[in-house]
Structures are given as C-alpha cells and as structure tokens.
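Peer 1: Per the numbering used here, residue 158 is the first one in the sequence shown, and the count goes up by one each step.
Keeping only pairs whose Cα atoms sit at most 20 Å apart, straight-line, the calculated EDC-like set for lysine to aspartate or glutamate is:
1) K751 to D331
2) K681 to E755
3) K765 to E711
4) K759 to D354
5) K765 to E755
6) K344 to D318
7) K606 to E711
8) K455 to D390
9) K218 to D548
10) K218 to E521
11) K310 to D670
12) K606 to E755
13) K603 to D708
Think of the hints as simulated: they come from the structure by calculation, not from any bench.
In this text, all values refer to a predicted model and were calculated from it rather than measured experimentally.
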Amino acid sequence: MSRTFQSRSLTVVALISVPLVVAALLLSSPCCIAVDTTEKATPADNIDRSPLQLAVSPDGKRLFTANRTANSVSIIDIAAGNVIAEVPVGGGPNGVAVSPGGETVYVANRLDDTVSVVDVAAARVTQQIAVANQPFDIIVGNDGIAYVSCVGKDEVVQVIDTGNGTVKQTIAVDQNPRHLALSPDGKTLMVTCDVYDTTRYLNAIDLPTGEVRQRIPLAMVSNVRGVAYVRPDLVIVAHLNPNPFAPLTQVQQGWVNTNGITFVFLDGEQPRTVGLLFDEITQYYSNPYDIAVTPDGKSAYVTCGGADQVMVVDIAKAIALINKTPPEQRPQLRHTLSLSGQFVAARIPVGTNPYGIALAPDGETAFVANHLGNSVSVVNGNSHQVQATIDVGHAPETSPLRRGEVLFNTASICFQGQFSCASCHPESHTTGLSWDLEDDGLGSLKNIKSFRGVAGTGPFRWQGEALSIGDEECGPTVTGAMRGQALSEHDLRALEAYVTNVPLLPNPHRGADGKLSAAAERGKLIFEGQASCSRCHSGPALTVAKRRFVDTGEGRYDPLELSDGTTVYPTQFDVPHLLGAWDSDPYLHDGRAKTLHEIFTKHNPDDKHGKTSELTEQELNDLIEYVKSF
Numbered sequence: 158m159s160r161t162f163q164s165r166s167l168t169v170v171a172l173i174s175v176p177l178v179v180a181a182l183l184l185s186s187p188c189c190i191a192v193d194t195t196e197k198a199t200p201a202d203n204i205d206r207s208p209l210q211l212a213v214s215p216d217g218k219r220l221f222t223a224n225r226t227a228n229s230v231s232i233i234d235i236a237a238g239n240v241i242a243e244v245p246v247g248g249g250p251n252g253v254a255v256s257p258g259g260e261t262v263y264v265a266n267r268l269d270d271t272v273s274v275v276d277v278a279a280a281r282v283t284q285q286i287a288v289a290n291q292p293f294d295i296i297v298g299n300d301g302i303a304y305v306s307c308v309g310k311d312e313v314v315q316v317i318d319t320g321n322g323t324v325k326q327t328i329a330v331d332q333n334p335r336h337l338a339l340s341p342d343g344k345t346l347m348v349t350c351d352v353y354d355t356t357r358y359l360n361a362i363d364l365p366t367g368e369v370r371q372r373i374p375l376a377m378v379s380n381v382r383g384v385a386y387v388r389p390d391l392v393i394v395a396h397l398n399p400n401p402f403a404p405l406t407q408v409q410q411g412w413v414n415t416n417g418i419t420f421v422f423l424d425g426e427q428p429r430t431v432g433l434l435f436d437e438i439t440q441y442y443s444n445p446y447d448i449a450v451t452p453d454g455k456s457a458y459v460t461c462g463g464a465d466q467v468m469v470v471d472i473a474k475a476i477a478l479i480n481k482t483p484p485e486q487r488p489q490l491r492h493t494l495s496l497s498g499q500f501v502a503a504r505i506p507v508g509t510n511p512y513g514i515a516l517a518p519d520g521e522t523a524f525v526a527n528h529l530g531n532s533v534s535v536v537n538g539n540s541h542q543v544q545a546t547i548d549v550g551h552a553p554e555t556s557p558l559r560r561g562e563v564l565f566n567t568a569s570i571c572f573q574g575q576f577s578c579a580s581c582h583p584e585s586h587t588t589g590l591s592w593d594l595e596d597d598g599l600g601s602l603k604n605i606k607s608f609r610g611v612a613g614t615g616p617f618r619w620q621g622e623a624l625s626i627g628d629e630e631c632g633p634t635v636t637g638a639m640r641g642q643a644l645s646e647h648d649l650r651a652l653e654a655y656v657t658n659v660p661l662l663p664n665p666h667r668g669a670d671g672k673l674s675a676a677a678e679r680g681k682l683i684f685e686g687q688a689s690c691s692r693c694h695s696g697p698a699l700t701v702a703k704r705r706f707v708d709t710g711e712g713r714y715d716p717l718e719l720s721d722g723t724t725v726y727p728t729q730f731d732v733p734h735l736l737g738a739w740d741s742d743p744y745l746h747d748g749r750a751k752t753l754h755e756i757f758t759k760h761n762p763d764d765k766h767g768k769t770s771e772l773t774e775q776e777l778n779d780l781i782e783y784v785k786s787f
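Please model the entire structure based on the sequences and the hints provided.
Peer 2: Here it is in structure tokens:
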C-alpha cells in the first residue's frame with residue numbers, strides 16, 4: 158500500500174490474531190534501546206512465517222515482510238524471487254516501512270510496544286524504540302519522519318524522529334487507530350479508527366499543529382482498515398458493511414455483511430463519503446483489508462482476506478458511477494449489489510488470507526502478503542495475473558491449530574462466501590457490535606464476545622447455552638448463522654482447537670514485572686470485599702462458570718432445556734470471564750455499557766451486579782483499575 162502519496166517509500170501494516178504467545182516488554186516511556194549487534198539469530202526453519210504486511214524498497218529491488226508468527230522480517234530479492242535474509246525483530250511484528258533512501262527498515266512490534274530499526278545491508282536490528290501500547294501501522298514520509306499508530310490502551314499516533322530514535326510527539330485520536338496514509342504535501346495524516354460503535358471514524362491530523370483537524374464519520378461500517386490517497390482531495394477506505402439492526406433470519410442478498418470501500422471526497426467545505434460494494438448477488442468478497450493505489454491514480458488494489466482475492470478498482474469508472482447517480486440516491490450505492498461490474502476491472506485469485514499489499518515504484522507490479530499461506534503473490538499490473546509466488550517459510554505440516562485458523566478466517570464456509578468468523582471476530586476479538594441471532598428468539602440483542610483467553614471458561618454464549626465450544630458453538634454457528642455446510646469432524650476439531658488457543662494480549666495495566674499498581678491493589682480489596690465481585694468472578698479466569706441474575710434484562714423469550722438437562726431462564730446470564738476486560742468493551746450481554754464505569758453506575762442501580770452504589774468515586778476508580786489488570 159502506498160501510504161505516502163506518490164512516494165517511493167511503500168509501506169503497510171498488520172493485525173495480530175493468533176495462537177502465538179510472546180512475552181511482552183512493557184516500556185513506560187519512549188526511548189532508544191541499545192541492542193547487541195554482535196550476534197545474528199536465525200528464526201527456526203520449521204515454523205510458519207505468516208507475513209501480514211510488506212514494503213518495497215525505493216529502487217524496487219527488495220521486498221520486506223513482517224512475519225507475525227516468526228517474530229521476524231524477511232528480506233526478499235525480487236528479481237531472484239526468494240528470501241535472502243531473515244532478521245529477528247520484536248514480538249508480534251505488524252507494520253513495516255522503508256526509509257526514503259532504502260537503507261533502513263522500521264518494524265512495529267505489537268506485542269513488545271517497540272519499533273525495531275533494521276539495517277538492511279547488515280541484515281540486523283540496530284535499535285529498538287519504545288512506543289505506546291500495541292503499535293500497529295507504521296509509515297515513513299519523504300522527510301524521513303516516521304508515524305506509528307498505537308491501537309492499545311493509549312489510542313494515539315506517535316511521531317518518531319528517526320535521526321535519534323525517539324518519539325517527539327504523541328497525538329490522541331479516536332478508539333482503535335489502525336492504518337495510516339500521508340497526504341501528497343506531507344501535511345495531513347489520515348488514520349482509520351475502528352471505533353466500537355455503529356459509526357467509525359477517519360481522523361485527519363494536521364501535522365504542523367499535531368491536532369486532529371477533522372473526524373470524518375463512516376456510518377454503519379466495521380473492520381475499518383486500509384486507507385490510501387488517490388489524489389490530494391480523494392481518499393479510499395476499506396471496510397465491511399454490517400447489518401446488526403436486522404434480525405439474522407437470512408444470509409442471502411447481503412443481509413448480514415457486505416464488503417467494499419468508501420470514497421472520501423475532500424474538495425468541499427465538508428468531506429463527502431460514498432460507499433461502493435465489491436459483492437454480487439450470489440458471490441461475496443469478504444474482509445477487504447489493505448489498499449494500494451498506482452502512482453498515476455488510475456487503479457486501486459484491495460486485498461480481500463476472506464475471499465483469497467485482490468480486487469482491482471478502476472478509479473475513473475468508480476467516480477463516474479458516483480457522479481451519474483443523483484446526490485440524494487448516492488447513500489444507496491453502499492447497499493446495492495451487482496454494481497461492481499461497472500468499476501471492478503479484475504478479481505485476482507491469490508494465496509490464502511491475503512492482507513498487506515504494496516506496489517513496485519513504477520506501479521506495474523503488485524506484491525500481496527498471503528498471511529496464512531506463508532507466501533507473497535507477485536501480480537502483473539497489466540495482465541492482472543499472478544506471475545510468481547514467493548515462499549516466505551512454513552512449517553513442514555499443517556497443524557490442527559493452523560488449519561483451524563484458516564477456517565476461522567475464510568468465508569468459504571459461509572453461504573455464498575459472504576463473511577467469515579473473523580468478520581465478526583477480527584483478530585479473534587470483537588467488532589463491539591450486538592446482533593439479534595434467531596437461535597435464541599428474535600428481539601434479543603447479544604454483544605459479540607472475544608475469543609481471547611476463552612479456554613477453560615465454559616459454558617459459552619451469553620446465557621451459557623453452549624456447553625462445549627466445538628459441538629455447541631462453532632458447529633451450529635457455521636450451519637446456522639453462516640448458513641454453511643456442516644464441517645467435517647477433522648475441520649470442526651481444528652476450528653475448536655484454534656478458538657480455544659487464542660492468547661490474551663499483554664496487559665498494559667500491569668507493570669513490567671506483572672505487579673499491580675497501588676490503585677489496583679486498593680481495588681482488589683474492594684473487589685474481594687465491599688463490592689462482593691468475587692462471589693461470581695473468582696478463580697484463574699475470574700468466573701464461577703455458572704448462571705446468575707444481575708437484573709440486566711432478558712436474554713431470550715423462553716426457558717431453554719440444555720443437553721445436560723439443566724434449564725436456562727430468560728433473566729439468567731453466564732458469568733463471563735474477566736480476562737482482557739480492559740480491552741473488550743462494550744460490556745454486558747447487549748453491549749449497553751460502553752465503559753466499565755457504566756457497569757457499576759448507570760446499569761447497576763440496585764446493587765444486583767456488585768455492591769457499588771456506596772463506593773466513593775476514588776474507590777470506584779480503584780475497583781476499575783483492578784478489573785483492568787486481569
């Protein structure tokens with residue numbers, strides 16, 4: 158993806174979703190960390206690399222991939238079509254960017270809260286720069302300044318002086334900042350923010366002042382990721398279009414999710430947004446992720462991770478379609494199937510689970526990171542065909558865990574390929590939306606739960622009606638909500654293995670030594686004492702694995718008899734585990750509580766969900782700090 162408009166520094170970023178547990182180095186302040194460069198460790202040959210994002214050198218000779226499961230960056234000789242070096246970096250490498258001169262590569266390590274500085278010629282890390290929590294995307298401008306989005310608790314964009322390896326500015330943005338794009342003049346930075354609500358945002362940062370100049374709303378979208386400038390007054394954003402307001406009584410005709418892009422026109426007093434779909438009536442192209450625009454602004458390449466394809470958008474034809482549509486009818490374009498034939502020039506099959514994409518400096522070749530295929534597809538920009546596939550490195554055999562991860566991310570198990578498990582659980586987590594599923598009675602909204610840390614926390618679903626996560630959660634979801642064919646026993650067990658092995662991300666609310674803060678220590682006493690939270694939330698996962706009445710409404714219309722003979726009543730809910738609660742908003746079964754504070758105040762008037770009404774504000778804040786530490 159070309160993050161800098163017509164820049165020769167082509168960069169992209171990534172996400173982390175997988176069962177790779179890496180210890181995090183939690184650093185409290187931005188600094189440059191000295192590293193030992195006397196040894197050059199080599200990643201094991203027998204592991205999957207899982208390239209998430211990639212970048213191309215300014216001379217077009219080298220390609221760099223951020224390898225999520227190997228904690229490394231591969232250096233690829235493009236002409237030879239093979240890996241010539243692999244450099245160990247930090248934990249969970251997500252984003253990768255190249256300096257204007259091509260001599261240095263910068264890697265955003267999501268699990269370490271660091272940026273690795275790689276000397277390309279020496280093929281080794283020379284510095285580690287401490288940044289805010291969970292660095293996600295990183296780009297480098299033509300002036301050599303680096304920008305990194307941090308998606309964790311801080312929710313900021315940081316500006317890095319690459320000359321001395323320090324963070325020189327921190328800019329607060331909306332929730333869940335993801336991908337970045339730099340304007341042609343280098344004065345505006347666009348940030349996609351995947352806010353947990355029905356409206357997500359594109360933040361426009363004025364770099365001279367370091368302030369967010371505009372918050373551009375993107376209504377009824379989710380999984381907002383890639384962003385790219387076409388020209389100074391036009392930006393494209395990749396995303397899903399969920400439909401959580403309608404009961405999930407069918408899948409066909411785009412009832413649940415559709416997939417596409419939004420054109421953001423910046424030429425007026427107020428930005429104008431118009432969405433277009435990639436989908437046809439009987440075939441869908443799920444999980445649009447990254448975008449790369451050719452230097453001439455004529456074509457946009459968009460990876461679709463759930464469909465294993467790349468869409469090639471004819472930008473002039475897309476704009477013509479928008480312009481010929483009366484302004485009052487343009488909002489309907491984002492809901493209209495069968496229009497893609499008017500602006501999609503090609504649909505290119507690539508490898509498994511394509512995510513990052515970057516173009517050669519001349520725009521004639523596209524490079525696609527096949528995340529779960531451990532490869533890079535080399536696409537000819539004229540023929541729109543894959544002309545080569547570069548193996549980045551893989552395990553000798555596909556483990557059940559890896560097979561399950563592929564199933565989780567592919568839309569082929571859904572009717573007409575409309576969506577995947579990852580469409581509602583991106584990064585095995587949540588979109589923050591609530592859906593009305595038909596299997597528990599219509600009119601009963603349920604907040605999407607995260608799969609992080611779910612092992613050993615059954616029963617599952619909000620009312621504990623799924624006693625096992627494979628046979629009573631994964632299997633019925635594929636044949637029910639997804640309207641797909643029943644999985645084979647082998648695939649069902651693989652999917653079960655994957656979702657029960659998704660790790661928690663490192664918790665930034667604990668010290669580097671894992672200790673609680675003073676506030677959390679005080680909160681622990683309240684949790685176990687005055688508030689009586691530990692009556693239901695106890696044990697390793699902070700759950701008693703039983704159903705309780707907390708007076709938050711009814712979860713279903715009628716009692717339900719479970720396979721073990723027990724009965725679930727409408728007002729009973731399974732006690733959820735609290736692992737990762739700091740990053741799993743919104744809360745309660747229907748997502749009504751936007752914050753942990755609201756759980757104990759706005760939605761607990763009679764102290765039936767913990768005795769919190771008599772807590773002082775300081776005590777309440779201490780309690781919340783303790784809950785965030787799980």
